[in-house]
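Peer 1: Each chain, letter by letter, is given below.
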Amino acid sequence: MKTLISKYDQLNWVIIHGRGVLNTGHGSTLTHTLATAAMLSGRESYYYMRYDDSPERDNIPMIFYTVIGNPRIEITLHEEVEPVGEIFNAIVVMEPTILISQTSQRALLFDGAKKDAVLVVNTSLSPKEVIGLVKKRCLAQNWSGKLVTLRARGYDANIAFPLLAALTKAWKVVSLDDLVNALDFSGASSKAGVVRKVYSEVEPVDVRISAAEAQMTRARKSRQTCTLKKGKWDLNSYRSYQKAAAKALSYAERISAMPSWQALPPGLIEFGPLPGEKNVGFTTSFARYLRPMVNKTKCTDCKLCSLYCPDGAINFDRVEVDLDYCKGCGICARVCPSKAISMTTEFLAAEGLSEKEIVTVEDSLVEYGY
Amino acid sequence: MSKLKATSKTVTTALHKKYMWTGTRAIAEAVKLADVDVIAAYPIRPYTGVMNSLAKMLANGEFVAEIIVADSEHSQFEIAKHASAVGARTFVGSSGVGLAYAAEPIIVTALGQLPVVAIAGCRALDDPGNFGMEWNDVLTFRDHGWLMCWARDPQEALDMTLVAYRVSEDRRVLLPHFVAVDGAAVTHVSTPVEPPSKDDVAKFLPAYKPLYPLDPAYGPVTKAQHIAPSLIGPELRKVVDNSMAKAEEAIQEAWEAYSRFVGREYPPFIESKFMEDAEIALVTMGAYAKDATHVAARLLEQGVKVGVMRLRYFRPFPKKELVEALSRVKALGVIDFSYSFGSADASSVLFNEVRSALYESGSRPLLMDFMFVGGREPSVGHFEQAVRLLQRSAEKGKAEKHVLWPTLRSEGS
Amino acid sequence: MSEYSPIKTVGDVSSVDLYTSGHRTCAGCGAALGYRLLLKAAGPRTVVLGPTGCMYVANGHQFLSSPYAVPWYHTQLGAGGAAGVGTAAAFRVLMLKGKRKKEDVNVVVYGGDGGTGDMGFSGLSMAMSYDYRRFLYVLYDNESYANTGVQASSSTPWGASTTFTPSGKIKKIGNARMKKNVALAVAAHPGVRYVATATLFPPLDFINKARKALEADGPAFIHLLVPCPKGWFADPKYTVDLSKSALETGLWVSWEYENGELTLSYRPEPRKHVKAYLRMQKRFEHLNDSQIEEIERMTAKEWEYWKQMDKQRKIILPWNAPPWA
Numbered sequence: 001m002k003t004l005i006s007k008y009d010q011l012n013w014v015i016i017h018g019r020g021v022l023n024t025g026h027g028s029t030l031t032h033t034l035a036t037a038a039m040l041s042g043r044e045s046y047y048y049m050r051y052d053d054s055p056e057r058d059n060i061p062m063i064f065y066t067v068i069g070n071p072r073i074e075i076t077l078h079e080e081v082e083p084v085g086e087i088f089n090a091i092v093v094m095e096p097t098i099l100i101s102q103t104s105q106r107a108l109l110f111d112g113a114k115k116d117a118v119l120v121v122n123t124s125l126s127p128k129e130v131i132g133l134v135k136k137r138c139l140a141q142n143w144s145g146k147l148v149t150l151r152a153r154g155y156d157a158n159i160a161f162p163l164l165a166a167l168t169k170a171w172k173v174v175s176l177d178d179l180v181n182a183l184d185f186s187g188a189s190s191k192a193g194v195v196r197k198v199y200s201e202v203e204p205v206d207v208r209i210s211a212a213e214a215q216m217t218r219a220r221k222s223r224q225t226c227t228l229k230k231g232k233w234d235l236n237s238y239r240s241y242q243k244a245a246a247k248a249l250s251y252a253e254r255i256s257a258m259p260s261w262q263a264l265p266p267g268l269i270e271f272g273p274l275p276g277e278k279n280v281g282f283t284t285s286f287a288r289y290l291r292p293m294v295n296k297t298k299c300t301d302c303k304l305c306s307l308y309c310p311d312g313a314i315n316f317d318r319v320e321v322d323l324d325y326c327k328g329c330g331i332c333a334r335v336c337p338s339k340a341i342s343m344t345t346e347f348l349a350a351e352g353l354s355e356k357e358i359v360t361v362e363d364s365l366v367e368y369g370y
Numbered sequence: 001m002s003k004l005k006a007t008s009k010t011v012t013t014a015l016h017k018k019y020m021w022t023g024t025r026a027i028a029e030a031v032k033l034a035d036v037d038v039i040a041a042y043p044i045r046p047y048t049g050v051m052n053s054l055a056k057m058l059a060n061g062e063f064v065a066e067i068i069v070a071d072s073e074h075s076q077f078e079i080a081k082h083a084s085a086v087g088a089r090t091f092v093g094s095s096g097v098g099l100a101y102a103a104e105p106i107i108v109t110a111l112g113q114l115p116v117v118a119i120a121g122c123r124a125l126d127d128p129g130n131f132g133m134e135w136n137d138v139l140t141f142r143d144h145g146w147l148m149c150w151a152r153d154p155q156e157a158l159d160m161t162l163v164a165y166r167v168s169e170d171r172r173v174l175l176p177h178f179v180a181v182d183g184a185a186v187t188h189v190s191t192p193v194e195p196p197s198k199d200d201v202a203k204f205l206p207a208y209k210p211l212y213p214l215d216p217a218y219g220p221v222t223k224a225q226h227i228a229p230s231l232i233g234p235e236l237r238k239v240v241d242n243s244m245a246k247a248e249e250a251i252q253e254a255w256e257a258y259s260r261f262v263g264r265e266y267p268p269f270i271e272s273k274f275m276e277d278a279e280i281a282l283v284t285m286g287a288y289a290k291d292a293t294h295v296a297a298r299l300l301e302q303g304v305k306v307g308v309m310r311l312r313y314f315r316p317f318p319k320k321e322l323v324e325a326l327s328r329v330k331a332l333g334v335i336d337f338s339y340s341f342g343s344a345d346a347s348s349v350l351f352n353e354v355r356s357a358l359y360e361s362g363s364r365p366l367l368m369d370f371m372f373v374g375g376r377e378p379s380v381g382h383f384e385q386a387v388r389l390l391q392r393s394a395e396k397g398k399a400e401k402h403v404l405w406p407t408l409r410s411e412g413s
Numbered sequence: 001m002s003e004y005s006p007i008k009t010v011g012d013v014s015s016v017d018l019y020t021s022g023h024r025t026c027a028g029c030g031a032a033l034g035y036r037l038l039l040k041a042a043g044p045r046t047v048v049l050g051p052t053g054c055m056y057v058a059n060g061h062q063f064l065s066s067p068y069a070v071p072w073y074h075t076q077l078g079a080g081g082a083a084g085v086g087t088a089a090a091f092r093v094l095m096l097k098g099k100r101k102k103e104d105v106n107v108v109v110y111g112g113d114g115g116t117g118d119m120g121f122s123g124l125s126m127a128m129s130y131d132y133r134r135f136l137y138v139l140y141d142n143e144s145y146a147n148t149g150v151q152a153s154s155s156t157p158w159g160a161s162t163t164f165t166p167s168g169k170i171k172k173i174g175n176a177r178m179k180k181n182v183a184l185a186v187a188a189h190p191g192v193r194y195v196a197t198a199t200l201f202p203p204l205d206f207i208n209k210a211r212k213a214l215e216a217d218g219p220a221f222i223h224l225l226v227p228c229p230k231g232w233f234a235d236p237k238y239t240v241d242l243s244k245s246a247l248e249t250g251l252w253v254s255w256e257y258e259n260g261e262l263t264l265s266y267r268p269e270p271r272k273h274v275k276a277y278l279r280m281q282k283r284f285e286h287l288n289d290s291q292i293e294e295i296e297r298m299t300a301k302e303w304e305y306w307k308q309m310d311k312q313r314k315i316i317l318p319w320n321a322p323p324w325a
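Protein chains in written order, with this note's numbering: chain F, 1 to 370; chain B, 1 to 413; chain X, 1 to 325.
Chain F extracted, bound-state conformation (with noise of 0.2 Å):
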């Protein structure tokens, strides 16, 4: 039965995509302001941190939401929203690496936004670049919104704020003047000046962006469909609804992968790997935005490094990273003791360009004043 009522038709929605821990702090300073922006002039804002995160976890991708009504928000709003249709107005990149990789959904990055999305993205990167790698990476239908890069250090150490300047300017549901008034009420008037002279600087852009173009639709075209094995609920038939499922590209992919309940055993059973294989189930490479390059000419095979990895992504006999699951914890740099191991950024070893918007967990704890 096809459905006339939207829930979104009337709402305001913003995406906040950030990195547990490394971005806490500041997700929670700019919805909140957001939302007090908004609440200040007269709409009924929400906001809220997507419950399926919580707790966020140390660099694993996170969302959080602001939603404005207008004025009204006449619907219950839910932990599990899913980035299926048309939904979200504007999109903040707080972690710049995000963009490369996926969400905390393991969704591309504009699954479920509107065609005329705005995108704020903290980057030292230039617009341009900023468009490429939208292109390659997170587009999978038309775009035809606005684009505001920005490195928001340079303004304030804790990027909510010049984030939030950058927003208002590009997308105007809330003013400026409300994002004042709502630094005020938040006890925050000393960011006033940043937001300010962020406002005056950035310059958002227009980009459009045909379907064609974007890759990502291209791969989703060309990639085969996996037929599964239905009936029998075993370890092989569990098996092709997992690699199915893992070659979702969206987060509607992901869904329709799913089995429907008549597929399912009694008892909550499901398989895992056999020893020596991996979870192909979920890939883990989304939590890194650092990444460890193993000199060779240094190690000196001990297996500290394979011994002491978390994720169990570094290869015992060959000593070789798996970028599949790799986290980028940077825990066997610490730990090699002929120090072959250091980390790069994900930016430069994947994509060859220099981001200078990276910070550390250690450093990010300072910014938003813990």
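It cannot be assumed that every hint is accurate.
[Stated by the list, open to error] EDC-like cross-link-like pairs, simulated, lysine to aspartate or glutamate; straight-line CA separation at most 16 Å:
no., chain 1, residue 1, chain 2, residue 2
1, X, K282, F, E86
2, B, K320, B, E271
3, X, K282, F, E362
4, X, K97, B, E411
5, F, K197, F, D177
6, F, K339, X, D241
7, X, K97, B, D35
[Unchecked claim] Interface residues of chain F toward chain X, partial, derived using beta-carbon atoms under 10 Å:
no., residue
8, V21
9, D58
10, D234
11, P265
12, C309
What the hints contain is simulated information worked out from the structure, not anything from laboratory work.
If you're wondering where the values come from, they're calculated on a predicted model, not measured in any experiment.
Glycine is no exception: its CB is placed at the ideal position from the N, C-alpha and C atoms.
Use these hints to put chains B and X onto chain F, whose structure you have.
Peer 2: Coordinates of chains B and X only, in the frame set by chain F:
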């Protein structure tokens, strides 16, 4: 009231030996006959006798099983759940607040679809402490996927336990099973019980073979991981729902098979007495159906057309059979040993289930709820009064008051 | 201790992971590292019970995903001991009755400090009072209920900030209870065959203790300190550094207890001042110098007891004047 059916093919001898056993002792015998592998024990009145009996049997080598004295009912039911997951046939049980303490594993066992069989020795819940009989302790779990049956006497308690293993372990079902026995009335009164022979039981009850044993010899089964409901959620509940739906046919078949192999016959879902011409009916479960039947028989002699229906299963609730049996009844009284504070009409659990089952049926008899709560024992006088009240109400076409507490001491009554 | 001999070099550790890559744990998660090492020690003929906690929710939370290459079943937060006993009992009796082939099967419970030291304490005690062999309970101690968002447990140290014991304007100290010693409580159970404490340093210590524990003639328990980047607010890369520092400062004592004898596994000589460890973690950031000195005093005092135990090879219960005395 059980009929011995000697057929030449299946039942080995015409007369089996009878013993004077309490309900708990009788259930212990069933557990032994079923060759249960793991038993988890913890003491609380009035169910404890079953564990005392089993401990003695095991100490004497009458059968082989691991019996673990747990540190609490919470651990007790958890032990049973995990033993079942590995592939052991398990037995556990409790009463009153002990069942309340075990709530977490009780719920999880059903949702994990493990065929654990448990005795519930029905006892009034604290506070205050009370050794009297009420059904709420086990009825609390009525929504969570356990099969539930009520035995009228130790004989049926034994039979129901054996059938419970067969139904629970049926691959169409794979749900845990409470065998409820009224505290004191069934748990502690010794009555004649005829246990089936080990051979007959072996023919009736196949070995327990789990679909996905938690055993490295089988493979890397991952059971009950935390899930994301956008991916899977309602589907998992539906599997349980479907298994409960299949339980009806499994129950039917199991009692037919029991009759064939063991020689004792029961109507699977509802035992009815004098219902053919009844205009008034009493519905209940467990031991007191006997008293209700005794009253009905005497009133019949006086020309009162009253019948009695004893629900043997509460889950799955036998709606179809109930509706059919009540098609000509004008007034129905539920004899209910439970309460449901704050429910519609401040009534009780069985009453609400019966009322709900009858809502869409063509005939809607006048309903009255006779609540026997607080553990005070009812007398046949209460049941006779109930029938008189039902009669009067049927004549008037309505009941003055349709929720009553017959054993309550109250001013002005 | 029939077949146990310690692994001497990292190269001799099994290369096969039975807790495999592919879980949604924090980058640098100490508990995940502990899980990985534990299952390397246990080997494939193992059943694992996972009480609710980080090592439940973070390892799943999807569908069609599992990192466990051995049979694994969830159990409730306080039910780890009971789940282990039920599992072990089933294997024993099925083998005894000829319903299953006779062979050694390890039963391992990996439960957190909240579920084990608090809610599951009575079930743990029950499990330690039985005689199941190849039965190991590992308590992974990240010193909080981390999965629910870092709330205080009875294993949270004095002065730590958690979301139930935050430092504020009036109540400044954070957690005001002293950390309970679960391992010593377990050692008081007469039937227990092997008790140990460990952390993620030195590299082979925990793996060897787990292997030894599984060869014991009865129930075994290991209390494993696992640094927690999120809960302790430290950078993920310092997880192993923190383990080392905990030992060097004496804030964590690594020992083994079997056949009535206690042996220290690590002797910090000289013991470093606790501030080296505390200042690496923002959960202690609110402590002033005198509070840190209080922690140093308590640690030094307790360490005297451990020195005595080391000399006498016996357990002597440490007693400390609590900070509020």
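Peer 1: Which of the numbered hints above does this structure break?
Peer 2: Violated: hints 1, 4, 10, 11.
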